[in-house]
Every structure is written in structure tokens, then in C-alpha cells.
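A.B. asks: One letter stands for each residue in the lines below.
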Amino acid sequence: DAGITQSPRHKVTETGTPVTLRCHQTENHRYMYWYRQDPGHGLRLIHYSYGVKDTDKGEVSDGYSVSRSKTEDFLLTLESATSSQTSVYFCAISESLARSYTFGSGTRLTVV
Amino acid sequence: KNEVEQSPQNLTAQEGEFITINCSYSVGISALHWLQQHPGGGIVSLFMLSSGKKKHGRLIATINIQEKHSSLHITASHPRDSAVYICAVKDGETSGSRLTFGEGTQLTVNP
Numbered sequence: 001d002a003g004i005t006q007s008p009r010h011k012v013t014e015t016g017t018p019v020t021l022r023c024h025q026t027e028n029h030r031y032m033y034w035y036r037q038d039p040g041h042g043l044r045l046i047h048y049s050y051g052v053k054d055t056d057k058g059e060v061s062d063g064y065s066v067s068r069s070k071t072e073d074f075l076l077t078l079e080s081a082t083s084s085q086t087s088v089y090f091c092a093i094s095e096s097l098a099r100s101y102t103f104g105s106g107t108r109l110t111v112v
Numbered sequence: 001k002n003e004v005e006q007s008p009q010n011l012t013a014q015e016g017e018f019i020t021i022n023c024s025y026s027v028g029i030s031a032l033h034w035l036q037q038h039p040g041g042g043i044v045s046l047f048m049l050s051s052g053k054k055k056h057g058r059l060i061a062t063i064n065i066q067e068k069h070s071s072l073h074i075t076a077s078h079p080r081d082s083a084v085y086i087c088a089v090k091d092g093e094t095s096g097s098r099l100t101f102g103e104g105t106q107l108t109v110n111p
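As they're listed, the protein sequences go chains A and B. Going left to right, the first sequence walks through residues 1 to 112 as our numbering numbers them. Going left to right, the second sequence walks through residues 1 to 111 as our numbering numbers them.
These aren't lab readings, by the way, just hints derived from the structure by calculation. Some clues are possibly wrong.
As the list claims (entries may be wrong) - With a Cα cut of at most 27 Å, we get these calculated DSSO-like pairs of lysine-lysine:
1) B/Lys90 with B/Lys54
2) B/Lys53 with B/Lys68
3) B/Lys53 with A/Lys57
4) A/Lys53 with B/Lys90
5) A/Lys70 with A/Lys53
6) A/Lys11 with A/Lys57
Said to hold, decoys possible - Simulated restraints, written as ranges between beta carbons of each label pair:
7) A/Asp56 with B/Thr20: 34 to 42 Å
8) A/His10 with B/Glu15: 43 to 51 Å
9) B/Asn110 with A/Thr5: 29 to 37 Å
10) A/Val12 with B/Pro39: 15 to 23 Å
11) A/Lys11 with B/Gln106: 33 to 41 Å
12) A/Thr5 with B/Arg58: 23 to 31 Å
13) B/His73 with A/Thr5: 26 to 34 Å
14) A/Lys70 with B/Gly40: 25 to 33 Å
15) B/Gln106 with A/Arg22: 38 to 46 Å
16) B/Gln66 with A/Lys70: 42 to 50 Å
17) A/Lys70 with B/Glu17: 42 to 50 Å
To be verified - Output of the computed footprint for chain B on chain A, the stretches with three or more beta carbons under 8 Å from beta carbons of chain B:
18) 14-20
19) 97-106
These numbers were taken from a predicted model, which means no experiment stands behind them. We put the CB at the ideal spot given by N, CA and C, even for glycine.
So that you can see chain A by itself, here it is in the shape it has in the complex (with noise of 0.2 Å):
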């Protein structure tokens, strides 16, 4: 697949701790985004990012902060994570935006 990675693929955290997962891509795309998948939902966006330190709140950015300190990382941080925020986390990139998404595997978490 295009590089795209990332990590953690699972975590388990409790309530209240902070949480930080990392979307890596070594494609040099413009455009980077989170979404987040529940069941009984399509996948739904948490925020993206149109450059370095460009980003912008989606659907869902409640509870969610994210950076982009340059082009390749995209982080995605949940302050004082909720069982609510429990889900399967995607990143995906876009070189523009007339072009497809490629998108990682996933990280699937879990707040206790």
C-alpha cells in the first residue's frame, strides 16, 4: 500500500487519560484527515489538515485536538479521553483535492 502508517493499532486507555495517536505518511500529500467508525455510522470526520499547522475542525471535533508540525505527521490527541471516543480511529491522505484518499489501517480504542 501507499505510505501510509498508523500507530498505535490498538490501545486500551481509561477515562481520563490522555491519548495520542500518530498518522505517518511518507507520500509528501498535501492534504491529511481523521476519521473516526462506529457502528450504525459511516465514517465521520474529526479534523483535517490543509498544509503545515493548516487544520480544521470536521463533524465530530469535540474532545479531539490535532498538529501538524510538518508534512508528514499528523497527530490526533484526545485531552481526557470518554468511553464515547471509544471507536476505530482512520487517517487518510489526499495529494489534492481532485484526487482519491489512500487511508491507513486503523487504530482501534478502547476507554475503560
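Given the structure of chain A, go ahead and fit chain B onto it with the hints provided.
C.D. replies: Quick look at chain B alone, frame taken from chain A:
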């Protein structure tokens, strides 16, 4: 009502059958994507289209902009086609443009 509706939600077929998955949407779009998600969870982009028809191997995707409808066809289906197929629409070409996803169609192809 979701902006993107897929049908059927679940589909079981016998190997070799012709399969159709439908996607209807209610918003104006700049492009429509078809994605495949395998049991392991990884998501692969199959097609991105804004008009007409695209073909890749045994997969064909069509879109009718006027009717706000797209179909994904699989010819000569095979058990390895078993996956969740997801339709997603993009609402524009700006940085703020977003993909809105359907909930997916679970396809099982039996040998």
C-alpha cells in the same frame, strides 16, 4: 435522512453472480467515491468519479448526476470480493470540502 444512502445493507451471493450495490445521495457533489473495507479493517479506494462510468477489472462504477445515484457492479463475483463496500460523496473542491460516507454494504460471496 442520511445524506448518503446505500442499498442493500447486506448482500449474500453465490460465486459467479453479477452483483449491484446502489448509492443515492441528496446533496450536490463534485465527486463520488467507492471504497472497499476488508474484514481486517483496511480501507481501499476503488473509484472516484464525477460522471459516466469507470471500469477496473471486474468492477464497474456508474453515476447519474441528474438522478443523484451511483451503482457499483461486480461481474463474476468471487469469495475474495467479500467485504464492506462504502459510497462517499464530496461536496465541493475547496479545502473545506468534505466526504460524507454511507454506512456501507456488507457483501458475502459464497463458493
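A.B. asks: Each of the hints needs a verdict: does it hold here or not?
C.D. replies: Cross-check of the supplied hints:
Proximity of B/Lys90 to B/Lys54 is assessed by CA-CA distance (about 17 Å); at most 27 Å being required, the pair is judged to hold. For the hint linking B/Lys53 to B/Lys68, the alpha-carbon distance of about 14 Å falls within 27 Å, and the restraint holds. Taken as a hint, the B/Lys53 and A/Lys57 pair is broken in the structure, with Cα atoms around 33 Å apart against an allowance of 27 Å. Distance check on the hinted pair: A/Lys53 and B/Lys90 sit about 24 Å apart at the alpha-carbon level, within 27 Å; holds.
Simply put, A/Lys70 and A/Lys53 have alpha-carbon atoms about 8 Å apart, close enough for the 27 Å limit, and the pair holds. Proximity of A/Lys11 to A/Lys57 is assessed by CA-CA distance (about 24 Å); at most 27 Å being required, the pair is judged to hold. Restraint check, A/Asp56 to B/Thr20: a C-beta distance of roughly 37 Å satisfies the suggested window 34 to 42 Å. The hinted range of 43 to 51 Å is not satisfied by A/His10 and B/Glu15, whose Cβ atoms lie roughly 33 Å apart.
Take B/Asn110 and A/Thr5: their Cβ atoms lie about 34 Å apart, and the range 29 to 37 Å holds. Separation of A/Val12 from B/Pro39 is about 21 Å and conforms to the stated range, judged on CB atoms against 15 to 23 Å. The hinted range of 33 to 41 Å is not satisfied by A/Lys11 and B/Gln106, whose Cβ atoms lie roughly 26 Å apart. For A/Thr5 paired with B/Arg58, a C-beta distance near 30 Å keeps the hint of 23 to 31 Å intact.
The hint said 26 to 34 Å for the Cβ distance between B/His73 and A/Thr5, and at roughly 33 Å that hint holds. A C-beta distance of roughly 29 Å is found between A/Lys70 and B/Gly40, which places it inside the suggested range of 25 to 33 Å. The beta-carbon spacing between B/Gln106 and A/Arg22, approximately 30 Å, falls outside the hinted interval of 38 to 46 Å. The hinted range of 42 to 50 Å is satisfied by B/Gln66 and A/Lys70, whose Cβ atoms lie roughly 44 Å apart.
Taking 42 to 50 Å as the suggested C-beta distance range, the pair A/Lys70 and B/Glu17 conforms, at roughly 48 Å. Note: the stretch 14-20 of chain A has 0 residues with beta-carbon separation from chain B under 8 Å; the three-residue rule is not met and the coverage is violated. Remark: the stretch 97-106 of chain A is confirmed as covered by chain B, as 9 of its residues place a Cβ nearer than 8 Å to a Cβ of that chain, reaching the required three.
Consistency note: the structure conflicts with the earlier hints numbered 3, 8, 11, 15, 18.
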